[in-house]
Amino acid sequence: MMNKDAFKNIAWNGLWRQNTGLVQLLGLCPLLAISVNTVNAVMLALATLIVMAMSNAAIALLRRLIPHEIRIPVFILIVASLVTAIDLLFNAWFHELYIILGIFIPLIVTNCIVLARVEAFASKHNPFAATLDGIFMGLGLLWTLALLGALRELIGGGVLLSGIDMVTPGAEPLRILPETYPGFLLAALPPGAFILLGCLIAAKNWLSENEKRKTQARSAAVALPAAPEEKPAA
Amino acid sequence: MPTPSSPHLREANSISRIMRLVCAALFPGIVVYSALIGPAVLAQIVLASVAALFFEAVMLKLRAMPIRRFLGDYSALVTAWLIALTFPPLSPWWLTVTGVFFAIVVAKHLYGGLGQNPFNPAMIAFAACIIAFPALMSEWPAQGLMLPFEQQLEIIFGFAPRIDALTAATPLDVIKTALKNNALRAGNIQELLMSQNLYGTFAGRGWEWVTMTYLCGGAFLLAMGVITWHVPFAFITSMAAISALCWLFDPGRFSDPLFHLFSGGAMLGAFFIATDPVSGCATPRGRLIFGVGAGILAYLIRVFGVFPDGIAFAVLIMNICAPLIDRYTQPTVFGRRANGRRS
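Each protein sequence line maps, in turn, to chains A and B. Taking the numbering used here, the leading residue of the first sequence gets 1, the next gets one more, and so forth. Taking the numbering used here, the leading residue of the second sequence gets 1, the next gets one more, and so forth.
Hint data in this document are derived by calculation from the structure and do not stem from the laboratory. Keep in mind that a hint or two might mislead.
If you anchor each label on the Cβ, the simulated ranges turn out as follows [said to hold, decoys possible]:
no., chain 1, residue 1, chain 2, residue 2, range
1, A, Asn9, B, Tyr328, 32 to 42 Å
2, A, Arg17, B, Thr228, 48 to 58 Å
3, A, Pro191, B, Pro277, 47 to 57 Å
4, B, Val50, A, Thr84, 32 to 42 Å
5, A, Asn9, B, Val50, 46 to 56 Å
6, A, Pro191, B, Tyr328, 27 to 37 Å
7, A, Ile176, B, Thr237, 47 to 57 Å
8, B, Leu53, A, Ile176, 24 to 34 Å
9, A, Glu96, B, Met65, 46 to 56 Å
Below are the DSSO-like pairs computed for lysine-lysine, each with C-alpha atoms no more than 27 Å apart in a straight line [stated by the list, open to error]:
no., chain 1, residue 1, chain 2, residue 2
10, A, Lys214, B, Lys61
11, B, Lys61, A, Lys212
12, A, Lys124, A, Lys8
13, A, Lys4, A, Lys214
14, A, Lys204, A, Lys8
15, A, Lys124, A, Lys4
16, A, Lys214, A, Lys204
17, A, Lys204, A, Lys4
18, B, Lys61, A, Lys204
Cβ coordinates follow ideal geometry from the N, Cα and C atoms, glycine included.
All chains should be modelled from the sequences, with the hints used to inform the complete structure.
Below, the structure is given as structure tokens:
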């Protein structure tokens, strides 16, 4: 099957190192348009996750049968049929949410993350690894979108999980900030999505830089175990 | 740094001298404005200045730059004053502070500090706040109704309820609403404006006095060599031209050029905002194009757009174009032909 390191590598790539939203910057159209609140963002990311896992699995299974020259149209056809199924499922189970998400569910077909993972990973790996890659790439997208959606509705209106009753009937959104909070409308508008995504990317880069500096310092300390001038840090 | 060989010419203009002169040029406008509206204007200026110096110091500290030297260049102060003058004078304190935050932290320091910012910080503050809080940013006090100082302070700092009757549509709003409804009860635009006048004769409600002092301040800046004539000249003539065109086309629906030049932020924009040396154009021809574009866009946005005044968005749009304009308007290098070949 696969060893532990390969699994770790796929998971870490999807969740952090090659995060679709923060590093690859793929599929920004749904990312920015749908992330007005957590519920919309999470549901769209879930739909994308399911499509990615299934399309990666399907294409990895068929990878030896698909002629190389026409692989892109074949990939698109497979992804499109899966998205159609998801589209119908959403319409049946979450009809109100389906109306709000609207065109963005069918648009998963054209989402560059799906095609990018199919082309770059699934067509070259075994079905098990490909499915895992689809799931973890989807999870990376999920947490990014959820965080962006939460930030946008929190700053924009002071609530979290608005529209939750469309997913679990009867649930109430959480009001985090007091009623008198005037609401920073900019965060809920498209420019707010760009500004907050920029802040998230900056935070991600900052954390990665810190990590790199730490590992460098550690390897330097290993390389020079007993430099005579250096005193132990006070 | 090694000292270069002689001759040494000292540039008389330092950043801090230019910024001090800009503050001085704004001063008469501030005096007239606060005489008409009340001391709330001064309170806003103090509030914005304190917030700007605070955010500037914090950002300089975070960026590990010498705080004292960069705080002393007065650039944060000029931004703060422009914000205080362009925001409604009775805005709540947190609105002004939010604006200053966007100007100093987002528009200035996140882009690399003074000299690196592609957009005018004060106008970013205005744009961000009018998009985020459209209702509050349109609450201009009805003039001639001057509240006592304590009550103005209470409104700004949120101890007193905001009274809707205190605020009124600006002259620009009045004519825009009339244009939208396409049905003028008062006959035509001129009569409508006359019926609104308290102090003014041609731009409505005292605005003309404030803008005229901005014009004087701008003339002072020109005389001191802080700004060149290109941007204000191009801005004012283009705005006058397009408003005259519309006015001649249908005097009943559009107001005259004099009104447009002396209402809202036109003069402040022409002399103090569009002339920003950092976010504007650097070449002489580029400055003319910048001014013409800003003037026409400001007119179109304030007459046909949704927002009360168009200066901020016009200047920001031209800021985006400034690098491109500069690229295509570079003056001919001495000793070369216009196409760059050696003569």
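Hint by hint, here is what the structure shows:
{"no.": "1", "hint": "Asn9(A) / Tyr328(B): 32 to 42 Å", "verdict": "49 Å, violated"}
{"no.": "2", "hint": "Arg17(A) / Thr228(B): 48 to 58 Å", "verdict": "51 Å, holds"}
{"no.": "3", "hint": "Pro191(A) / Pro277(B): 47 to 57 Å", "verdict": "26 Å, violated"}
{"no.": "4", "hint": "Val50(B) / Thr84(A): 32 to 42 Å", "verdict": "59 Å, violated"}
{"no.": "5", "hint": "Asn9(A) / Val50(B): 46 to 56 Å", "verdict": "52 Å, holds"}
{"no.": "6", "hint": "Pro191(A) / Tyr328(B): 27 to 37 Å", "verdict": "28 Å, holds"}
{"no.": "7", "hint": "Ile176(A) / Thr237(B): 47 to 57 Å", "verdict": "52 Å, holds"}
{"no.": "8", "hint": "Leu53(B) / Ile176(A): 24 to 34 Å", "verdict": "31 Å, holds"}
{"no.": "9", "hint": "Glu96(A) / Met65(B): 46 to 56 Å", "verdict": "52 Å, holds"}
{"no.": "10", "hint": "Lys214(A) / Lys61(B)", "verdict": "23 Å, holds"}
{"no.": "11", "hint": "Lys61(B) / Lys212(A)", "verdict": "24 Å, holds"}
{"no.": "12", "hint": "Lys124(A) / Lys8(A)", "verdict": "18 Å, holds"}
{"no.": "13", "hint": "Lys4(A) / Lys214(A)", "verdict": "25 Å, holds"}
{"no.": "14", "hint": "Lys204(A) / Lys8(A)", "verdict": "20 Å, holds"}
{"no.": "15", "hint": "Lys124(A) / Lys4(A)", "verdict": "19 Å, holds"}
{"no.": "16", "hint": "Lys214(A) / Lys204(A)", "verdict": "15 Å, holds"}
{"no.": "17", "hint": "Lys204(A) / Lys4(A)", "verdict": "26 Å, holds"}
{"no.": "18", "hint": "Lys61(B) / Lys204(A)", "verdict": "22 Å, holds"}
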